[in-house]
Amino acid sequence: DVKVTQSSRYLVKRTGEKVFLECVQDMDHENMFWYRQDPGLGLRLIYFSYDVKMKEKGDIPEGYSVSREKKERFSLILESASTNQTSMYLCASSLSGGSNEQFFGPGTRLTVL
Amino acid sequence: GESVGLHLPTLSVQEGDNSIINCAYSNSASDYFIWYKQESGKGPQFIIDIRSNMDKRQGQRVTVLLNKTVKHLSLQIAATQPGDSAVYFCAEILVNRGFKTIFGAGTRLFVKA
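Those sequence lines, one after another, are chains A and B. Mapping the first sequence onto the numbering used here, position 76 (from 1) lands on 78, and the numbers just tick up by one. Mapping the second sequence onto the numbering used here, position 71 (from 1) lands on 484, and the numbers just tick up by one.
The set of hints was computed from the structure by calculation and includes no laboratory data. C-beta atoms are modelled at their ideal positions from N, C-alpha and C, and glycine is treated no differently. Mixed in with the good hints, there may be bad ones.
Claimed, not checked - Below, a list of computed lysine-lysine pairs in the DSS-like style, where the Cα atoms sit at most 30 Å apart: (1) A:K73 <-> A:K20; (2) A:K20 <-> B:K455; (3) A:K5 <-> B:K455; (4) B:K513 <-> B:K450; (5) A:K73 <-> B:K469.
Unchecked claim - Derived Cβ-Cβ restraints for the label pairs, each shown as a range: (6) A:E71 <-> B:G496: 20 to 28 Å; (7) A:R16 <-> B:R521: 29 to 37 Å; (8) B:A492 <-> A:P63: 42 to 50 Å; (9) A:F22 <-> B:E452: 39 to 47 Å.
Stated by the list, open to error - Rough simulated footprint, nothing fancy, chain A against chain B, three-plus residues with beta-carbon under 8 Å: (10) 457-470; (11) 485-492.
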């Protein structure tokens with residue numbers, strides 16, 4: 003079974019803090035994604051990566067950056083957290099080609115005070 | 414613009430009845446669609462997919478129907494069970510845009526015992 007794990011289930015940070023959200027997948031997937039999920043807005047893509055050291059902006063990249071130094075790990079970084087970044091963050095991975103089914107982690111609920 | 418939307422934000426059904434969750438999409442160039450189920454406290458999980466050259470696909474207790482003429486997708490769940498209570502998302506995959514996935518806002522399904 004594919005397993006996607008996220009470093010924290012719940013996180014509380016203060017405005018201006020630098021925040022790291024870590025995601026690890028164990029099935030050698032090429033593609034990895036970071037989404038945020040807000041009520042009524044569904045999943046919105048922040049960044050994605052198709053390979054190591056490769057990153058592409060999604061629909062809402064502002065205020066975020068990412069790092070993919072190893073194939074299994076994809077990190078989301080909030081350089082200076084703001085209250086409007088309070089959200090549920092979901093990481094996903096997928097194989098290239100095929101149905102492109104994405105396998106999701108359990109999510110990290112981030113609260114920025 | 415692109416959008417994948419759902420007709421109803423919530424759906425309440427009696428246990429044992431059939432459920433129908435609807436989804437409208439706007440991009441006629443989409444290549445296939447995926448339905449995801451998200452239970453409370455978990456990330457979305459793949460249920461079933463359908464390619465754009467099909468109009469129906471069946472799985473275990475689930476059927477997805479695709480009507481490209483009106484850009485409409487539906488998920489039918491037979492003999493709905495309490496364990497089916499969740500939020501259901503449709504997602505649209507655009508192969509010619511780097512396999513971009515667009516998620517709908519989600520429909521919450523309540524199953525009454």
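Please verify whether A:K5 and B:K455 have alpha carbons no more than 30 Å apart.
OK: A:K5 and B:K455 at ~13 Å, within 30 Å.
Can the restraint linking A:K73 and B:K469 be considered satisfied, given a maximum Cα separation of 30 Å?
Violated. A:K73 to B:K469 sits at ~36 Å, over the 30 Å cutoff.
Does B:K455 lie within 30 Å of A:K20 when you go C-alpha to C-alpha?
Given pair A:K20, B:K455 holds - Cα atoms ~25 Å apart, limit 30 Å.
The hint says 20 to 28 Å between A:E71 and B:G496; measuring C-beta to C-beta, is that right?
Since A:E71 and B:G496 have Cβ atoms about 39 Å apart, the given range 20 to 28 Å is violated.
Sort out whether B:K450 lies within 30 Å of B:K513, counting only the CA atoms.
holds, 19 Å
Are A:F22 and B:E452 spaced within 39 to 47 Å by their CB atoms?
violated, 27 Å
Taking a Cβ-Cβ distance under 8 Å as contact, does the stretch 457-470 of chain B have three or more residues in contact with chain A?
Result for this restraint: holds, n = 4.
Measure nothing beyond the straight line between the CA atoms of A:K73 and A:K20; if it is 30 Å or shorter, mark the hint as holding.
holds, 23 Å
Look at the Cβ atoms of A:R16 and B:R521 and judge whether their distance stays inside 29 to 37 Å.
The hinted range 29 to 37 Å holds for A:R16 and B:R521, with Cβ atoms some 32 Å apart.
The stretch 485-492 of chain B covered by chain A? Criterion: 3 or more residues, Cβ-Cβ distance below 8 Å.
Coverage by chain A is violated here, the residue count being 0 at a Cβ distance below 8 Å.
Range hint 42 to 50 Å (beta carbons of B:A492 and A:P63) holds or violated
The hinted range 42 to 50 Å holds for B:A492 and A:P63, with Cβ atoms some 43 Å apart.
Checked against the numbered hints listed earlier, the structure breaks hints 5, 6, 9 and 11; every other hint is satisfied.
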